[in-house]
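Colleague: The residues making up each chain are set out below.
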Amino acid sequence: MGASETDRKLRKARLIFYEDDVERINKALENYQNLSKSRCNMLIDVEGHPVTQVGSTEGINLETIAALVAASFAATKEVAKILGEAEFSSLTHQGKHESIQLSLVGERTILATIFDSEETTIGMVMFYTKELVEKLAGIFAEIANRKDLKQGVFEPMEDMESVIDDLFGDV
Amino acid sequence: MVQINFAKREINCKLVYYGPGLSGKTTNLEVVHKKAPASKKGELTSIATEGDRTLFFDYMPLELGKVGGMNTKFQLYTVPGQVYYNATRKLVLQGADGVVFVADSQPDKMDENIESFQNLEENLREQGLQPETIPMVLQWNKRDLPNVCDVGELDKKLNKYSSPTFEAVAVTGEGVFPTLKKLAQMVLEKLNKEYGLNPEKNKGGGAPEAKKPEPKPEPKPEPKPEPKPERKPEPVAERRAEPKPERKPERKPERKPEPEALPKDRRPKGYDMGSGGRSPQPEPKKGGKGVMILLVLILALAGAFIAGGYTGKLNDVPALQPLQKFYNDKLAPTLGGGSATQGE
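Chains as they are written, first to last, in the working numbering: chain A, 1 to 171; chain B, 172 to 515.
Just so you know, not all the hints are guaranteed correct.
[Claimed, not checked] Quick partial rundown of chain B residues pointing at chain A, CB under 10 Å, derived from the structure:
1. M172
2. I175
3. K185
4. Y230
5. M231
6. L362
None of these hints come from the bench; they were simulated from the model. Where is the CB? At the ideal position from N, CA and C, for every residue including glycine.
Turn these sequences into a full structure, and let the hints steer you where they fit.
Modeller: Shown next as structure tokens:
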């Protein structure tokens, strides 16, 4: 296996965010949130893991919403394929008060914008989303194309079995 | 696909329970949810039919705590077992880091087990995952039933990749945690092998591969505090009652070049979306333009005073006194009109 093939496989196998990546992303999200007057914004990877969020998440179970949003988006992608589209890049669920707008960022991340229809409109949210998605897609492409890990993830562990025993000790 | 978030010092992994319909996948998850301490588990969410058959998936997050300095979280999913739901099974399997195959031990379910295992292999490959290398554990469930296949037979027919196997009675909880524990261990060992700080030192990790960790200052252990939202709790009627009429007529047709400069308070009171709110409205420009409009209003009012001969009654309105003063001091001499205040 050549080096480039190894790189490709590694990139495909993991998504790594460093602190400065998240800082850049959060700054862009906060700016977008101010402009769109949305309640909160989350970035979720297509597997349903939350990446980061800004805004008021009070009363929102982030992990559950991330899993459901990712599933919803994945299901919609299949619907798009059936209709001959590669994908639907955005998806809106509109409620009486709270609504959620989902937008694909790059290939592997979903932007979920929760907004209150008393505060802003779907048009306003979509208008500002376009610019943000382009900006974030650039950041994510940079993250995905990073060749080497800047640092190891785990501190040295002597014995994985005892680590697992400790973890599950009170489960 | 594992997500490693240094900002949160967090690792997220996805584990999927796979197997034929009614083999006990959802029951496994229910037992994990029931027995895990409240501090470590999230909600169990099921997208199921009315008859409690899984339609899309069941899901629960499980936080295991620190592993090698990283907070480790597992997202546990089940797939719908029924043959009909293959499209949704594929979606759930997308990006899985480990799989538990839950087999029904009854002899008449063997064909369904085999079919489901083959389906798992196909779907994994379709997602770019290799059944030979993905961490996988097999669970022989329903061992309490009177007529069950021999473990050796199950192993021979289903365990193509020499995966660890566990006997279980999921309804009583037996074998549920050993299965999950083994899979968690395999997933973490794989991760440690690939991303460990000093892989050569890790007994469970194996040889280093494909990456050269560079020495770098440790990231700050604390994640950034979540930005405090400024969500106004007051009812809609109150929000709307506070007027800021200058916002609406001033919307600029073009975007502001430096939106970062906007005030932090993103929810101005009185922002009424009822009219003119259907199209995107960039933030109104504040400052000079506002002063201009105020001046025009003052002039208009002053004109009205002159034309309408207001000379006395407005004195009683405190809010208009600065206007009157302004008129008297600045405008009256220029315009040559009378005073808007009543003469002494």
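Colleague: Run every hint past the structure and note whether it holds.
Modeller: Tested hints:
1. M172: holds (5 Å)
2. I175: holds (5 Å)
3. K185: B:K185 check passes; min Cβ-Cβ to chain A is 5 Å, inside 10 Å.
4. Y230: holds (5 Å)
5. M231: Status holds, d = 9 Å.
6. L362: holds (7 Å)
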